[in-house]
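Student: Sequence:
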Amino acid sequence: MQVEHLEAAQAVTAILNSHEIEHAYIGGFAVNCLGHNRTTLDIDVEIRDSFGDINSVLTLSRQLLSNDGRFLVINNKLFFNSENGMRIPIETLSAGQLGLPRSLPILQTAENIPILRPGLLILTKIKRCVHLLHSSRPRSVAKLRTDLSDIVFLMTWLREHGGLVDLAGYDADEAVKQRLFDAVKDIIQYWRGSDDGSDRLMLSVLEAGDKDRIMKLLG
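Read left to right, the sequence shown gives residues 1 to 219 (the working numbering).
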């Protein structure tokens, strides 16, 4: 894990915890917290509280973070200045927005960083990744490669820790859940025929009922 990103996340969490604001880290940083060795540029943190409005949640989080001199906002974007001078972008996301889960079950890391549980975290990665599967744009191809690496790591982590992809526990409306099933189906279809067995690995970390439903979608 990149020490500067850990420093930033610990500062964010200290402030949000002091105001009893529920939050969980997602994205590449969260995958890094589980041991994946890859570089990430920013930190994504999903925030949930009683306000229920995306603008008030984001405004509140920025006001809180502005109390720490290491944070700054440039062009309406939040950054953290690490001890060694690295500037880390912080993306604050409202729970339930953009197809993210409304509730935030967490796994607390050894460094006391709350990340979204891996069985849910993998779905947030898959949800975004499928839109890149057939893109030929160089930037999208590079992003897809990184996302697929994260997903394979998370599948392996789940298998090694006796976990499963938690489609049932993903707190969202039925339309979002159907899109998640479709996304899992699409990524399995994308992997089919490859030699690395990623499609079979995905099927092995699905709940039995979810696997049956996705197999029907695959035809």
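Hints are computed from structural coordinates only; laboratory data are not their basis.
One or more hints might be untrue.
Below are the BS3-like pairs computed for lysine-lysine, each with C-alpha atoms no more than 27 Å apart in a straight line [unchecked claim]:
id	residue 1	residue 2
1	K127	K143
2	K127	K185
3	K143	K177
4	K185	K216
5	K77	K211
6	K127	K77
7	K177	K216
8	K177	K77
9	K127	K177
10	K211	K185
11	K211	K177
12	K77	K185
13	K185	K143
Label pairs and their computed distance ranges (CB to CB) [to be verified]:
id	residue 1	residue 2	range
14	A110	E22	31 to 37 Å
15	L98	R137	32 to 38 Å
16	E83	G219	19 to 25 Å
17	G219	R137	25 to 31 Å
18	N84	R179	38 to 44 Å
19	M215	A110	53 to 59 Å
20	E160	G209	28 to 34 Å
21	A208	E83	30 to 36 Å
22	K177	L41	27 to 33 Å
23	G197	S135	32 to 38 Å
24	S204	P138	16 to 22 Å
Glycine included, C-beta positions come from ideal geometry on N, C-alpha and C.
Student: Looking back at the numbered hints, which does the structure fail to meet, lowest number first?
Tutor: 5, 8, 12, 14, 15, 16, 19, 20, 21, 23 and 24
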